[in-house]
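Full structure from sequences and hints, please.
Heads up, the final residue of the sequence shown is numbered 86 in my numbering, and it's a clean run with no missing numbers.
Among the hints, erroneous ones may be present.
Claimed, not checked - Pair by pair, the computed Cβ-Cβ distance ranges are:
(1) T71 - S4: 34 to 42 Å
(2) Q38 - I14: 24 to 32 Å
(3) S15 - G68: 26 to 34 Å
(4) E57 - R31: 37 to 45 Å
I should point out that these hints are in silico values taken from the structure, not numbers from a laboratory.
Owing to the predicted nature of the structure, the values given are computational and were not obtained by experimental measurement.
For every residue, glycine included, the Cβ atom is placed at its ideal position computed from N, Cα and C.
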Amino acid sequence: MNPSKLLQRELMGISAVWWREYKVFWREKSRIVSSIVQPLIWLFLFGSGIGASLSVENVHYRDYIYPGILTMSVIFGSVFFGLYIV
1 MNPSKLLQRE LMGISAVWWR EYKVFWREKS RIVSSIVQPL IWLFLFGSGI GASLSVENVH
61 YRDYIYPGIL TMSVIFGSVF FGLYIV
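Printed below as a string of structure tokens:
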């Protein structure tokens, strides 16, 4: 099979799955709220609460915890997407 045709077929499959997931995501308001609110709660509520009790040489706790929250959000989103397909 021609490599460009193979790539085109793969991209069509990826775009079909992406478009389906996009429509489902916007249809289910709870997914929108949870994917936005949960990281904000972790960042501001826990980041401010725990950050007030910890002190490390000019580094704010929120700056420390932000990469972990970002990674957690991406991983949870990926897991929920994978479970939805199954």
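Hints, verified against the model:
1. Against the hinted window of 34 to 42 Å, the Cβ-Cβ separation of T71 and S4 comes to about 35 Å, which satisfies the hint.
2. Hint check: Q38 to I14, Cβ distance near 27 Å, so the stated range 24 to 32 Å holds.
3. For S15 paired with G68, a C-beta distance near 31 Å keeps the hint of 26 to 34 Å intact.
4. Separated by about 39 Å at the C-beta atoms, E57 and R31 satisfy the suggested range of 37 to 45 Å.
In this structure, none of the earlier numbered hints is contradicted; all agree with it.
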